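Asks: Sequences are here, hints too, so could you generate the full structure?
Counted from 1, the sequence shown has number 450 at position 450 by the numbering used here; the numbering is strictly sequential.
Bear in mind the hints are in silico, worked out from the structure with no lab data behind them.
This structure is a prediction, so every number in the text was calculated from the model and none was measured.
Glycine is no exception: its CB is placed at the ideal position from the N, C-alpha and C atoms.
25 Å max Cα-Cα, derived BS3-like pairs, lysine-lysine:
| no. | residue 1 | residue 2 |
| --- | --- | --- |
| 1 | 375 | 420 |
| 2 | 196 | 404 |
| 3 | 394 | 196 |
| 4 | 77 | 104 |
| 5 | 299 | 375 |
| 6 | 394 | 383 |
| 7 | 196 | 34 |
| 8 | 9 | 77 |
| 9 | 104 | 34 |
| 10 | 196 | 383 |
| 11 | 196 | 397 |
| 12 | 196 | 212 |
| 13 | 394 | 404 |
| 14 | 34 | 299 |
Label pairs and their calculated CB-CB ranges:
| no. | residue 1 | residue 2 | range |
| --- | --- | --- | --- |
| 15 | 277 | 88 | 28 to 38 Å |
| 16 | 192 | 88 | 23 to 33 Å |
| 17 | 209 | 269 | 15 to 25 Å |
| 18 | 269 | 404 | 22 to 32 Å |
| 19 | 297 | 349 | 19 to 29 Å |
| 20 | 116 | 295 | 46 to 56 Å |
| 21 | 342 | 434 | 25 to 35 Å |
| 22 | 151 | 366 | 44 to 54 Å |
| 23 | 160 | 440 | 52 to 62 Å |
| 24 | 432 | 205 | 36 to 46 Å |
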Amino acid sequence: MHKLSSYPKLIESLQKLVFFERASAHILAGCLPKIRALSIKVGVSQHFYESMAQAHRLRGILSALDYKASSLLLASKDWVRLMVWVDSLPDTDQVLSALYLGIKPRLLNEYDQVLANADPLFDAQLLELINSYLPRAEAQRNWFVAALDRRTEPQGFAERWNFANPQPDIPLDEAVWAPLDRVPSALRPEGSYRGKNGELAITPRDVLRDPKGIGIFLHNNINEEYTTLELSGRNSYEHPDMPWEFHLSMARHVADEARHVQIQERLAACYGVRYGDYPFSVTHYDMLYSFDPCEPGSKHELLWRLLLRMTYHEGLALDSNAFEIERRTYLGQQDIARVFHHLLVDEVSHVESGLRWGRMLAQEYCFDVLEERNKARNYYLAKENHQRLRFIVKRPKRAISEGKRLLMARQNNDLPYAIKLNVQLRRQAGFSEADIQQVLEWGIYPVDVQPKSARTGPREADVGFRRVGI
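Replies: Structure (structure tokens):
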């Protein structure tokens, strides 16, 4: 017997699920740099993506159910008030408890309502989607209970869930609220050592053959994965008015970086290094979060974040990962080469995403992409140089020691390979010929692998003290 009589209840449940999955993703994205425990940070990163992807899929189904396009894409003011209350809880652990122990169990009940009211023929696609997602939704809650050893929701949550007027009455795209805070520095575990701004990452004397040196090399990479996932999460949280596809891109990026963390931690352990054995570095979060020329929270600030992290730094990662694959294969280190091949595949999609959304923002707000990328890079390198000089003045002996280790590491690189601009990969990621020419003009790489053209900015070899390319 068909269930057409249950159609209104089905729509109501779908509207609730779309909103609460989307709102949960919004809150999780904002939490990432505020979470101290690294294992929790990684788990939340994956759940951010799962919730955002599920909201996106359900939104498509809900929209398709009404030929009038968006008239069903609604949310209730009561639902919004509840989630804003969750987001405003004073402690990040309380926020996560409200989501995992309050919201998510109730969404499981709502999914059961959809299954009960859906028609197996009319709603076959919806049923398939929900049945495939439910195990992950249940696993999210179980993970949180095990990870934080908590089983009760925050006090007052149950009363707030009993909505006085749950009727959806505001457009879904207007239901995700503006950010409640800014987070200029990312947190790390209590009592851990954070590298100082201007301090070089630990430079192993031999990253090619010495097991410990290889482990430290991977440790430094993991620092960058964490800071990128945190910044990408805040990109989503701080700009809820961006298109849904943007948030899905940021969520995918976050989940990818979390997986990169796990992959490299596992490999580093094989070489005797555990993440946290050496200083944590959050410099690339702190330095890329805000910029003096950009108004805080503006689309100009977001544009610079995207251009610097996702097209400049991760563009360099295309070159460096390809270089790692080449030299590790030469050394017979197939385990390392395989890891960097996996990272490279994801980096191509990350750069592609940064180029896409950077161009969209530039067009909408009348910026020139090449000009803004050049300005952002010059600002970043000048700030990095300033912080390095301050560090040298404060700790000259440490700086001299760092310089000696860096020189020795370069001398130990005896392979017939040099890092170079990988034009093929950059084109594959969506770099235009003008984008590529801009990189050539920066003079990042040795002269013998680029045209001897005029340069329009400081060379990284002159200013950047971090990306040593050894």
